[in-house]
Amino acid sequence: MTPFEPAGTRRDVLHLGLALVAAPLALAARSTSAVATPDAMAGAIRTFLGGAQAQTGRIKLDLPPLVENGNSVPLTVTVESPMTLGEHVRRIAVFNEKNPQPSVATFHLTPRSGRANVTTRIRLADSQKIVAIAELSDGTFWSAQADVIVTLAACIES
Amino acid sequence: MARTLISAPKTAKAGEVMEIKVLIAHPMETGFRPGPNGQILPRDIITRFACTYDGEEVFAADLSPAMAANPFLTFTTVATRSGTLTFSWEGDNGFAQTETADLTVSA
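These protein sequence lines are chains A and B, in that order. Residue numbering for the first sequence follows my numbering, starting at 8 and increasing by one per position. Residue numbering for the second sequence follows my numbering, starting at 35 and increasing by one per position.
One or more hints might be untrue.
No more than 30 Å apart at the CA atoms, straight line, and that leaves these computed lysine-lysine pairs for DSSO-like [what the hints assert, rightly or not]:
(1) K67/A with K55/B
(2) K67/A with K136/A
(3) K55/B with K44/B
(4) K67/A with K47/B
(5) K136/A with K55/B
Honestly, the hints are just simulated from the structure, not real lab data. This structure is a prediction, so every number in the text was calculated from the model and none was measured.
Working from the sequences, and respecting the hints, build out all of it.
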């Protein structure tokens, strides 16, 4: 250390820089803590599947690709199934990535439903991926996904 | 009592797949939203809807805060015989409501 450089200066500057970087990161972490993450969605899907694997196909998820108002987004789920006693859809679950909670709704169907076709309106807090999974009476799971861009978010704002 | 709107056919042919639409007036307060005083408003949602046809459940839905206000559902059921369709909603704070619709099925 030379007499012209006061002790610790360089270290102090480094620490200050680290603090400046860390503070916004900590804030960001706090603000996203109330939001479901893709991990939370994966966890909710694992719980729904109960160890089974979901295959792609047979289920169709209809959502508008661009949504102006996330407070009311029309959603239609259709599953190709004859809906007979031997082969029907038992449950259809819808999951999201970025709302405060990963689950949207679970529909319970029976052979008396006639068709596996459900329409509803949901809330979306952000542009995100929506996943729908159907459980069939033979124990297989089928999934479909859709990406939605939301310009005005729901849930968080009043 | 919340206002409901139910669109179900009054008559149907046996074996026909009927489309039923139900809507109930309910704010579906998420429990994540601050109110006018900055405090988070407590959750108040409908958690379950069920439709029974002559006592047998033909469709049910578990709902979450991610459902839009005034939850609207469209589903189908097969007309088997003349009877009563019962629609029931259950929710937070002891919310419960039941509506019925009569259905005449011709052969």
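Hint check results:
no. : hint              : verdict
1   : K67/A with K55/B  : 20 Å, holds
2   : K67/A with K136/A : 14 Å, holds
3   : K55/B with K44/B  : 13 Å, holds
4   : K67/A with K47/B  : 28 Å, holds
5   : K136/A with K55/B : 26 Å, holds
Comparing the model with each earlier hint shows no violations; every hint is respected.
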